[in-house]
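Enquirer: Hey, can you work out the whole structure from these sequences and the hints?
Letter by letter, the chains look like this.
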Amino acid sequence: METHQIYSLTSVVLFAIGIGGVIMAKHFLKKIIATIIMGGGVFLCFVSFAQRDALTFADPVPHALVITGIVVAVTSAAFALSLARRIHQLTGEKTFPDEK
Amino acid sequence: MSGSGLEKKERRYPMMIIEAITVILLVVGCFFFLAGTLGLLRFPDLFTRLHALTNADNLGLGFIAAGMALHFGSPWTAIKIFLIWLLTLLSSATSSYLIARFRREENNPKNGKEG
Amino acid sequence: MSVVIDILMAILLIYLALRCMLAPELSKTIFTFFAFGLTLALAWIRLEAVDVAIAEAAIASGFMGVLLLDSLRDFSYALSKNPKNLELPENFTIKESNKSLLLPRLALGIGFVIFLLISMEATWKTPEGGGLTAVSEELLPQSGVEHPVTAVLLNFRAYDTWLEIGVILMGLLAIFAAGGVKNYRKPSMTAVDPLLRQVILFFIPVLFLFGAFLLYFGKTGPGGAFQAAVLWGSIGILFHLGGWPIFAMIPRKLRQFLLTMGLGSFLILGFLLMAAGGAMFEYPPAYAGILILIAETLAAISIAVALTAIYVYLTK
Numbered sequence: 001m002e003t004h005q006i007y008s009l010t011s012v013v014l015f016a017i018g019i020g021g022v023i024m025a026k027h028f029l030k031k032i033i034a035t036i037i038m039g040g041g042v043f044l045c046f047v048s049f050a051q052r053d054a055l056t057f058a059d060p061v062p063h064a065l066v067i068t069g070i071v072v073a074v075t076s077a078a079f080a081l082s083l084a085r086r087i088h089q090l091t092g093e094k095t096f097p098d099e100k
Numbered sequence: 101m102s103g104s105g106l107e108k109k110e111r112r113y114p115m116m117i118i119e120a121i122t123v124i125l126l127v128v129g130c131f132f133f134l135a136g137t138l139g140l141l142r143f144p145d146l147f148t149r150l151h152a153l154t155n156a157d158n159l160g161l162g163f164i165a166a167g168m169a170l171h172f173g174s175p176w177t178a179i180k181i182f183l184i185w186l187l188t189l190l191s192s193a194t195s196s197y198l199i200a201r202f203r204r205e206e207n208n209p210k211n212g213k214e215g
Numbered sequence: 216m217s218v219v220i221d222i223l224m225a226i227l228l229i230y231l232a233l234r235c236m237l238a239p240e241l242s243k244t245i246f247t248f249f250a251f252g253l254t255l256a257l258a259w260i261r262l263e264a265v266d267v268a269i270a271e272a273a274i275a276s277g278f279m280g281v282l283l284l285d286s287l288r289d290f291s292y293a294l295s296k297n298p299k300n301l302e303l304p305e306n307f308t309i310k311e312s313n314k315s316l317l318l319p320r321l322a323l324g325i326g327f328v329i330f331l332l333i334s335m336e337a338t339w340k341t342p343e344g345g346g347l348t349a350v351s352e353e354l355l356p357q358s359g360v361e362h363p364v365t366a367v368l369l370n371f372r373a374y375d376t377w378l379e380i381g382v383i384l385m386g387l388l389a390i391f392a393a394g395g396v397k398n399y400r401k402p403s404m405t406a407v408d409p410l411l412r413q414v415i416l417f418f419i420p421v422l423f424l425f426g427a428f429l430l431y432f433g434k435t436g437p438g439g440a441f442q443a444a445v446l447w448g449s450i451g452i453l454f455h456l457g458g459w460p461i462f463a464m465i466p467r468k469l470r471q472f473l474l475t476m477g478l479g480s481f482l483i484l485g486f487l488l489m490a491a492g493g494a495m496f497e498y499p500p501a502y503a504g505i506l507i508l509i510a511e512t513l514a515a516i517s518i519a520v521a522l523t524a525i526y527v528y529l530t531k
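Residue numbers (our numbering), protein chains in the order written: chain A, 1 to 100; chain B, 101 to 215; chain C, 216 to 531.
To be clear, the hints were calculated from the coordinates, so they are not data collected in a lab.
Fair warning: this is a prediction, and the values are worked out from it, not measured in the lab.
Backbone N, C-alpha and C fix where the C-beta goes; we use that ideal spot for every residue, glycine too.
All the given hints hold, so there is nothing to weed out.
Chain C stretches covered by chain A per the calculated footprint, using a threshold of three residues with CB under 8 angstroms from any CB of chain A:
1. 238 to 249
2. 255 to 269
3. 275 to 286
4. 360 to 372
Expert: Structure follows, in structure tokens:
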């Protein structure tokens, strides 16, 4: 069992936990955190493949993609937070109306 | 070239001592971390928990930092590790202080302002 | 021995993610999420991705943590206004049993397990090719930098970086639009703690220096524009936490200039390179290092201002 295999298996489980959270969690903040965990799973998968393909150094292309991906994920999560807070401010809701 | 074997022989003895000291420092550091975590889990209220965390964990981190600095054995790395420890000390002390202050103001309605 | 550490780390990651989703209180979810982010950063160090680890710890755990904590305050303040809902737990499982939903749930569960098995099988496979490692290694001497990740980010795939700065700007614009908040966050009525202010004043030069260090040595080692940008952006956030609304102090035109500077510098650089007779981001190898450093610095300043602006606009 090698390092990259351990982490790529972990990444699958993390992705599954994240997607379960997106579907089943109710609070906006929890849903947003679930999407970040999902993204974390995808990034972990990428980086473990990069380590699998290592020669003198690990494959730099997935690393670069993951760095950009993290920044984009955080930006979109910040936008989601602003939407959630706006909804909360206007209506007082903390969840989607059909998921109460 | 002929001196290298002798040098190696001479150096092996201190290396072993340094490694032993490193291991001891790391174990002591881990013990303090364990104590801090135990305090965090077992102490009754926020203030005692903060007390356990800040004291024990900073000391534990100090021991681990010293151990790692010895392990790497280069002065530059040692300075960097020492700086990391100092910054962690400063930020953890400040954040614990702020948490405690927040809790005190929250419990004491005279000081706390309505948002 | 190292396999044991990796397995422990994997178990910790899964445990923290589950705890994060199953925690009954929102505050627990958020604090577990911090721990999850930091553990993920450790996992990336285990996978030899130090750049990613810095980015994760700084952006996904640090910056996102600030935003989440602030949102938590927002949501829980509103909770305390109507104390009926104060103790309402946010349960993960659906309590009321609805028989008509049993079959879909069963199907969902089976699909889930199949998905898990298939993806585990797919990730378990051994590699056929070496990916793009060999190509990057071969082209590295021409890129003007020595660190492969920086070379990919700012030379081979400069388009990605450029457009990503655009994505950050778009996110900021969307937050402007969705927030609809005109006035800046005012310094809170309670006096800011003098100790906090002193510590912030101590940390700001340290952060600036460390950001510059990461930026400059990004060409030889881990680090680069994004990591530096987050550290510099945290300077702005710290100023705001200490009660100095620095973002409002910058004149409006200058603010707009700073925000678009990163995107614009890449664009101008690309067009200049095209005018010189190459493709859009085809640096001449002799000047590649200095050109990359300039573009990186401008982009870092721009991203730092954008991150501060996201914080300021999100926390009204």
